[in-house]
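> Respectively, the protein sequence lines represent chains A and B. Every letter in the first sequence is one number past the one before it in the numbering used here, and letter 98, counting from 1, is 293. Every letter in the second sequence is one number past the one before it in the numbering used here, and letter 43, counting from 1, is 238.
Check each hint, because a few of them may be wrong.
Stated by the list, open to error - So the derived label-pair ranges between C-beta atoms look like this:
| # | chain 1 | residue 1 | chain 2 | residue 2 | range |
| --- | --- | --- | --- | --- | --- |
| 1 | B | D318 | A | D296 | 35 to 43 Å |
| 2 | B | E343 | A | G263 | 43 to 51 Å |
| 3 | A | D227 | B | K287 | 27 to 35 Å |
What the hints assert, rightly or not - Here are the simulated lysine-lysine pairs, BS3-like style, with alpha carbons at most 27 Å apart:
| # | chain 1 | residue 1 | chain 2 | residue 2 |
| --- | --- | --- | --- | --- |
| 4 | A | K332 | B | K197 |
| 5 | A | K356 | B | K319 |
| 6 | B | K319 | A | K332 |
| 7 | B | K281 | A | K197 |
| 8 | B | K281 | A | K319 |
| 9 | B | K285 | A | K197 |
Derived from the structure by calculation, the hints contain no laboratory data. C-beta atoms are modelled at their ideal positions from N, C-alpha and C, and glycine is treated no differently.
Residue strings, one per chain:
Number of protein chains: 2
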Amino acid sequence: MKEVPMDSAMREGMRRLASGVSVVATKTAAGDRFAMTATSVTSLCAEPPSLLVCINRDTSMFEAIQGGSDFSMNILLADQQDVSNKCASKDKGEARFEVGDWQEHEGTPFLNNGLVTFFCEQDKFIDYGSHRIVIGKITRVLVDESDEVDPLVFLNGGYHKI
Amino acid sequence: MKEVPMDSAMREGMRRLASGVSVVATKTAAGDRFAMTATSVTSLCAEPPSLLVCINRDTSMFEAIQGGSDFSMNILLADQQDVSNKCASKDKGEARFEVGDWQEHEGTPFLNNGLVTFFCEQDKFIDYGSHRIVIGKITRVLVDESDEVDPLVFLNGGYHKI
């Protein structure tokens, strides 16, 4: 092993942590839709069914979720790089919904052609440094009809499949 | 998409979320070493450099970290299934250190032949349901000498490589 200088340690270290690629999506009380690509997403616990996502407080998604609205967490299929790119692009707000089969369930936008969608209520959060950890209590789960599990994976600064 | 009944929603949904496989390790003030395989690990933010890990409060690792000791987060290489299996096995405490090149830095055990090791101080936590989210402030990072980034990945109930 070799030591990484601390000024590049996060980048050098974390690019080695593989993760699925998700898009978190929500609609504010005012009716504005927001979506954002996220890789800092994990399962939290089964009781209550829950997940967490880390959101930079500098983003429009952070503004959007501050109102406490429900959100969807949509895990992408290997062939959905275009959805990931769009929801991480300089396009904001409604423009990010131009790629992918976006639909709505009880006021929450969700991706109807991903690998899996979790519908969540915001239950708790913790602010830390530049980010907010948002805990979502899962209320409904949709999965791809196919039995194949073929996710888009982010690693080492690029997309991969398994 | 098809709806999953809520009693199997966590399992059916989360098995579709790919993740790197890590082992978290610590030594208590009493000198006892603990290690545990973890997949609910994410990067948190760069300022301060930090990560988080979700730990079941039913585990011996939870007992161990309650003392507030530093820990290491060790991301495994694709060929380290044996380390992952050992640190998720019924073996407890010291027995989990029998597989892998475990060494110690300033009182914290770490895996000296993994893909990357983050040394962390416990900075904050939040308890939620059956789990604790532990936020670690990263103090030192070691990476594999090789430029290849070849992690062990967990998906769909099994190990994969990219």
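> Compare the distance between the alpha carbons of K356/A and K319/B with 27 Å, and conclude whether the hinted pair is satisfied.
It is violated: about 34 Å lies between the C-alpha atoms, which goes past 27 Å.
> For the pair supplied as a hint, K281/B and K197/A, is the alpha-carbon distance within the 27 Å limit?
holds (25 Å)
> Take a quick look at whether K285/B and K197/A sit within 27 Å of each other, Cα to Cα.
violated (32 Å)
> Starting from K319/B, check that the Cα of K332/A is at most 27 Å away, please.
holds (21 Å)
> Below or equal to 27 Å on CA atoms is what counts here, so check K281/B against K319/A.
Answer violated: K281/B to K319/A is near 34 Å, above 27 Å.
> Within 43 to 51 Å: is that where the Cβ-Cβ distance between E343/B and G263/A falls?
Because 44 Å falls inside the window, the suggested range holds.
> Could you tell me whether the CB distance from D227/A to K287/B stays inside 27 to 35 Å?
violated (51 Å)
> Are K332/A and K197/B close enough, with their CA atoms no more than 27 Å apart?
Holds, at about 20 Å.
> Within 35 to 43 Å or not, the Cβ separation of D318/B and D296/A?
Holds - the Cβ-Cβ distance for D318/B and D296/A, about 41 Å, lies within 35 to 43 Å.
Checked against the numbered hints given earlier, this structure breaks hints 3, 5, 8, 9; the rest are met.
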